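There are 2 protein chains.
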Amino acid sequence: MEKLKKYASVKDEDQFYHQGAVELLVFNFLLILTILTIWLFKKHRFRFLHETGGAMVYGLVMGLLIRYATKASNVENGTVYECEKLESGPSTLLLNITNQVYEYQYKREISHHNINGHQGNAMLQKMTFDPSIFFNILLPPIIFHAGYSLKKRHFFRNLGSILTYAFLGTAISCIVIGLIMYGFVKAMVHIGQLKAWEFHFTDCLFFGSLMSATDPVTVLAIFHELHVDTDLYTLLFGESVLNDAVAIVLTYSISIYSPKENPNAFDAAAFFQSVGNFLGIFAGSFAMGSSYAVVTHLTKFTKLCEFPMLETGLFFLLSWSAFLSAEAAGLTGIVAVLFCGVTQAHYTYNNLSSDSRMRTKELFEFMNFLAENVIFCYMGLALFTFQNHIFNPLFIFGAFVAVFIARACNIYPLSFLLNLARKQKIPRNFQHMMMFSGLRGAIAFALAIRDTGSQPKQMMFTTALLIVFFTVWVFGGGTTPMLTWLQIRVGVDPDEDLKGQAASQSASKLDKNTTKAESAWLFRVWYAFDHRYPFLFLSCCASIHIPTKTKHLQLHLPKAKVEHTLCDNHVVTTASGKEILKLQF
Amino acid sequence: MEKLKKYASVKDEDQFYHQGAVELLVFNFLLILTILTIWLFKKHRFRFLHETGGAMVYGLVMGLLIRYATKASNVENGTVYECEKLESGPSTLLLNITNQVYEYQYKREISHHNINGHQGNAMLQKMTFDPSIFFNILLPPIIFHAGYSLKKRHFFRNLGSILTYAFLGTAISCIVIGLIMYGFVKAMVHIGQLKAWEFHFTDCLFFGSLMSATDPVTVLAIFHELHVDTDLYTLLFGESVLNDAVAIVLTYSISIYSPKENPNAFDAAAFFQSVGNFLGIFAGSFAMGSSYAVVTHLTKFTKLCEFPMLETGLFFLLSWSAFLSAEAAGLTGIVAVLFCGVTQAHYTYNNLSSDSRMRTKELFEFMNFLAENVIFCYMGLALFTFQNHIFNPLFIFGAFVAVFIARACNIYPLSFLLNLARKQKIPRNFQHMMMFSGLRGAIAFALAIRDTGSQPKQMMFTTALLIVFFTVWVFGGGTTPMLTWLQIRVGVDPDEDLKGQAASQSASKLDKNTTKAESAWLFRVWYAFDHRYPFLFLSCCASIHIPTKTKHLQLHLPKAKVEHTLCDNHVVTTASGKEILKLQF
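Chains as they are written, first to last, in this note's numbering: chain Z, 4 to 588; chain D, 4 to 588.
Calculated from the structure, these hints are not laboratory results.
Because the structure is a prediction, the values reported are computed rather than measured.
Careful: at least some of the hints might be erroneous.
It does not matter which identical chain is meant; a pair holds if it fits inside one copy or across any two.
[To be verified] With a Cα cut of at most 25 Å, we get these calculated SDA-like pairs of lysine to any residue:
#, residue 1, residue 2
1, Lys364, Arg492
2, Lys428, Ser294
3, Lys46, Tyr352
4, Lys45, Asp358
5, Lys364, Tyr352
6, Lys364, Glu309
7, Lys364, Leu301
8, Lys45, Tyr352
9, Lys45, Met361
10, Lys364, Ile140
11, Lys45, Leu301
Could you put together the complete structure from these sequences and hints?
Structure below.
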């Protein structure tokens with residue numbers, strides 16, 4: 004008997020390993036399908052369905068298969084046990100069963116209405132994976148890649164507008180969605196679809212904040228491919244990158260906003276505490292990310308560039324550590340890793356050996372690609388495998404209405420205000436395109452899945468998922484026709500319109516010339532800082548673009564440091580075609 | 004109250020995310036330290052402690068810190084609950100606590116003697132991660148990299164010897180360790196340290212099989228750096244790669260060997276079933292891995308090489324799928340991924356675009372590097388964070404003795420037998436060096452941690468861990484002095500001694516010449532197969548080494564297929580230095 008039981012337990016465990024393998028295999032299979040689809044689409048220049056949209060379709064089909072083609076296991080079919088002594092659910096539970104102590108780990112709270120539902124299907128349960136995997140593993144590479152591949156010059160030229168859209172716009176969007184949803188919820192309570200205590204105004208605001216994270220990855224991919232106007236690209240890209248960070252911190256601040264007495268009344272103290280939290284968390288995360296980048300940068304003194312693999316490894320680990328440290332310190336890792344990426348691209352990238360530059364770029368590109376497609380596959384899967392969906396048609400309808408109105412309230416009024424100040428106006432068709440590009444994606448989904456413990460949260464999750472599906476497929480697919488319809492110019496060389504400025508700006512790194520680009524004062528401040536503390540910027544290798552026909556060039560080099568960071572040979576090459584003077588200190 | 008509880012649960016969850024971040028951060032920190040150490044060692048050409056040894060030291064220190072510097076949390080301090088209705092531990096438990104149903108997941112069985120020990124330390128519990136992570140995530144890249152970077156020509160020249168050491172040698176080692184340990188166990192029962200029913204002969208054999216997986220990563224790294232004699236390198240590398248696979252399948256076969264009646268008596272039927280299992284699993288895994296490689300290879304017809312990232316992604320995913328499919332089918336993923344790697348290196352590698360070749364090589368190298376160091380860090384950590392260690396001095400002493408005797412019984416008699424058949428004998432000093440290089444590492448550890456449910460298994464785990472520490476530090480550190488002492492020649496050019504043969508062999512791909520290399524018949528059979536079905540081998544790009552002063556070269560090209568696989572331009576370049584004719588079909 005003893006023996007038999009032992010073998011049974013070994014067998015169970017083996018089954019467990021194989022199950023883990025099966026889940027991963029399902030994802031691998033979906034990704035392989037996605038890759039083959041991307042290749043087909045690219046080959047036939049088919050742009051109506053983006054790869055992420057395709058990944059979602061495959062996920063959906065797979066979810067359907069898993070749901071209806073796998074049997075529910077009988078063992079776990081919803082037998083609920085009682086334990087008198089327990090008063091709340093501890094995170095680890097020790098149980099004495101027939102004189103053998105077993106350890107159980109807390110997984111989730113189950114709402115009453117679905118205990119006897121599809122509970123027993125082990126495959127479904129395994130397929131709904133831990134939200135912490137999203138936050139700790141899948142999101143960081145995506146966000147880091149966004150920061151790392153940011154075109155700084157274009158970004159800073161439009162910085163004022165981007166910040167306005169990202170901060171003010173997201174706040175507007177959050178509040179508008181919150182208000183509209185609160186109206187719908189009130190109506191639903193009125194007609195008896197909801198109980199009043201289930202949904203507070205803060206819950207509506209919470210929903211508003213998570214639905215404010217736009218993710219126009221589909222649109223941007225098409226923009227990139229068609230070489231759409233760089234300013235429009237930068238505005239959208241910059242907005243979406245920063246707006247993720249804002250939405251995440253906003254969601255967190257709202258979730259810890261807890262008014263003392265009546266949860267529907269406005270509590271000024273708690274409100275200002277939330278605002279303070281928001282600012283504190285944002286600033287803290289920013290500081291954390293940037294300081295990690297500076298630490299990475301300091302590794303140039305170690306001459307690690309002789310070993311590209313170690314260099315790449317260190318770069319990768321330090322960037323991830325920026326994320327993890329911020330999370331561990333109670334800040335927002337996503338914000339930290341974003342600014343870490345931006346700072347790394349500015350300081351560290353130029354100091355890497357050319358081998359490491361390639362390696363890091365390819366590595367992050369690859370990780371971004373995989374993570375993005377895993378998330379979109381998973382979103383497709385979740386529609387059928389997640390077991391606590393609450394489809395409430397009125398709530399879903401309300402959310403769709405709210406999301407579009409909020410996007411309009413964000414883009415049009417802010418564009419109007421910005422156009423008052425901007426020299427180069429944001430034209431009407433750009434505004435329409437930005438309105439149209441308000442897709443929701445990975446971040447909204449990840450924020451929604453982070454907490455699905457209560458019924459309102461489950462309803463929000465279901466709704467968020469549907470909005471993601473709709474926007475990615477419909478808006479993502481409609482990007483190319485929309486560009487034609489709005490007569491937005493395509494086929495623009497990204498370096499063309501900035502060439503003159505770029506040249507003078509680059510030279511200014513060492514030449515102390517100030518640039519004339521509009522609203523790039525922060526850029527100038529930053530470069531002035533670099534000039535003041537040149538050892539931070541100058542290091543192993545630096546490439547300087549020099550305007551054509553330059554006869555005389557003065558270089559102010561911090562000599563003491565130059566000798567310190569001597570790494571490769573001191574090589575000076577002049578490529579006659581582009582007139583680039585490459586210096587390696 | 005309702006409200007408060009809700010917020011409390013949200014807060015708990017957040018704490019949980021942060022904890023996940025803290026664990027990952029600890030590993031990141033250890034890896035960063037390891038990288039900096041490697042760099043220091045490389046810079047100062049310090050070879051007495053290998054990076055993996057360093058990683059273990061850091062893990063050990065960190066484990067010590069976590070164990071004694073973090074407080075035990077009060078909540079979980081070993082309160083054991085009783086549930087009358089339960090008769091065995093289900094994998095998922097639904098508990099009704101104050102009218103709210105919670106779901107708990109089975110984690111492990113706890114032995115009686117340590118319920119009141121260090122149980123309560125949540126940090127320690129979090130740090131001991133799921134063994135399935137080892138098997139599904141960390142081991143595959145290491146094994147795949149081993150297969151992918153295998154030097155086929157050298158490998159096949161010594162194939163007979165390698166197979167003898169790997170199959171016969173591992174079986175001998177397993178049986179010898181099993182017998183010696185059984186003797187020690189009998190003695191321990193005699194003096195009352197063990198109860199007779201706790202340890203069967205099959206348990207001893209199980210221990211023997213897991214301790215038979217050698218992992219001379221430290222030694223091989225030094226060999227590689229010092230350019231030690233290629234034959235010795237190949238023998239050791241080949242043995243260790245295949246021997247891992249053999250040991251894993253052996254361990255699995257022994258664990259499912261269950262004699263009907265008396266567990267100590269020999270049951271012929273069950274024994275032959277185990278042998279059958281072994282052969283079936285090995286052959287099945289081999290077939291699975293190779294067929295995935297062929298599938299990957301067939302993607303050449305898709306002209307995917309125009310998109311290096313997709314190509315790399317597909318390559319990566321299909322190789323991992325080989326592992327996962329084998330696991331899901333009840334075979335051994337490690338064996339599958341190993342042969343997948345070998346076959347990929349032969350068929351697919353040459354068909355990748357040059358960009359993808361670089362990318363895949365760097366990617367797998369990087370993943371191998373990270374995975375290896377994570378495992379070694381974790382081994383260091385496990386000594387202090389694993390909570391069910393059983394240190395039994397006699398058992399540990401017995402295991403050390405058994406491991407060395409078994410290694411001697413493997414190397415010396417087999418070398419003697421092999422030397423009877425080999426033209427190029429394995430000299431005495433090579434045999435000593437191979438004896439000395441019987442390090443135990445990642446695989447032994449992973450096999451031991453896979454099952455720590457019972458007391459004998461816990462004792463085995465503790466012992467395996469100590470043997471790994473000892474061999475990696477002492478033998479790994481002693482490699483360089485040992486090489487000098489045994490007067491083994493270093494600084495050998497790996498291509499030097501095979502150049503003549505290599506040239507004629509390479510030409511034989513297309514020229515139908517047979518090679519004269521000893522014991523390379525399998526190699527010849529394989530190449531004859533390739534010649535027969537050339538579309539399998541010939542594709543986008545193939546490089547052929549041509550002996551110097553070749554005037555006339557006949558190429559048999561399968562024309563129909565060549566046009567089919569036309570991918571890049573038909574470029575013929577002759578590098579004057581090395582006389583390489585590069586053909587791209």
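Status of the hints after comparison with the structure:
In the homo-oligomer, the alpha carbons of Lys364 and Arg492 never lie at most 25 Å apart, since the shortest distance is 29 Å inside one protomer and 40 Å across protomers. Taking identical chains as interchangeable, the C-alpha atoms of Lys428 and Ser294 are never at most 25 Å apart, the minima being 36 Å within one chain and 59 Å between chains. Only between protomers do Lys46 and Tyr352 lie at most 25 Å apart by alpha-carbon distance; the minimum there is 23 Å, versus 33 Å within a single protomer. Taking identical chains as interchangeable, the C-alpha atoms of Lys45 and Asp358 lie at most 25 Å apart only when they sit on different chains, with a minimum of 18 Å there against 29 Å within one chain.
Taking identical chains as interchangeable, the C-alpha atoms of Lys364 and Tyr352 lie at most 25 Å apart whether they share a chain (9 Å) or sit on different chains (22 Å). In the homo-oligomer, the alpha carbons of Lys364 and Glu309 lie at most 25 Å apart both inside one protomer (18 Å) and across protomers (19 Å), since each shortest distance falls under that limit. With identical chains, the CA atoms of Lys364 and Leu301 are at most 25 Å apart within one copy only, with a shortest distance of 20 Å there and 28 Å across copies. Proximity of Lys45 to Tyr352 under the C-alpha cut-off of 25 Å is restricted to the inter-copy arrangement: shortest distance 23 Å between copies versus 30 Å within a copy.
When the C-alpha separation of Lys45 and Met361 is checked against a cutoff of 25 Å, the pair qualifies both within a copy, at 24 Å, and between copies, at 23 Å. For a Cα distance limit of 25 Å, the shortest separation of Lys364 from Ile140 qualifies both inside one copy, at 18 Å, and across copies, at 23 Å. With identical chains, the CA atoms of Lys45 and Leu301 are at most 25 Å apart between copies only, with a shortest distance of 19 Å across copies and 41 Å within one.
Violation of the numbered hints given earlier is confined to hints 1 and 2; the remaining hints are satisfied by the structure.
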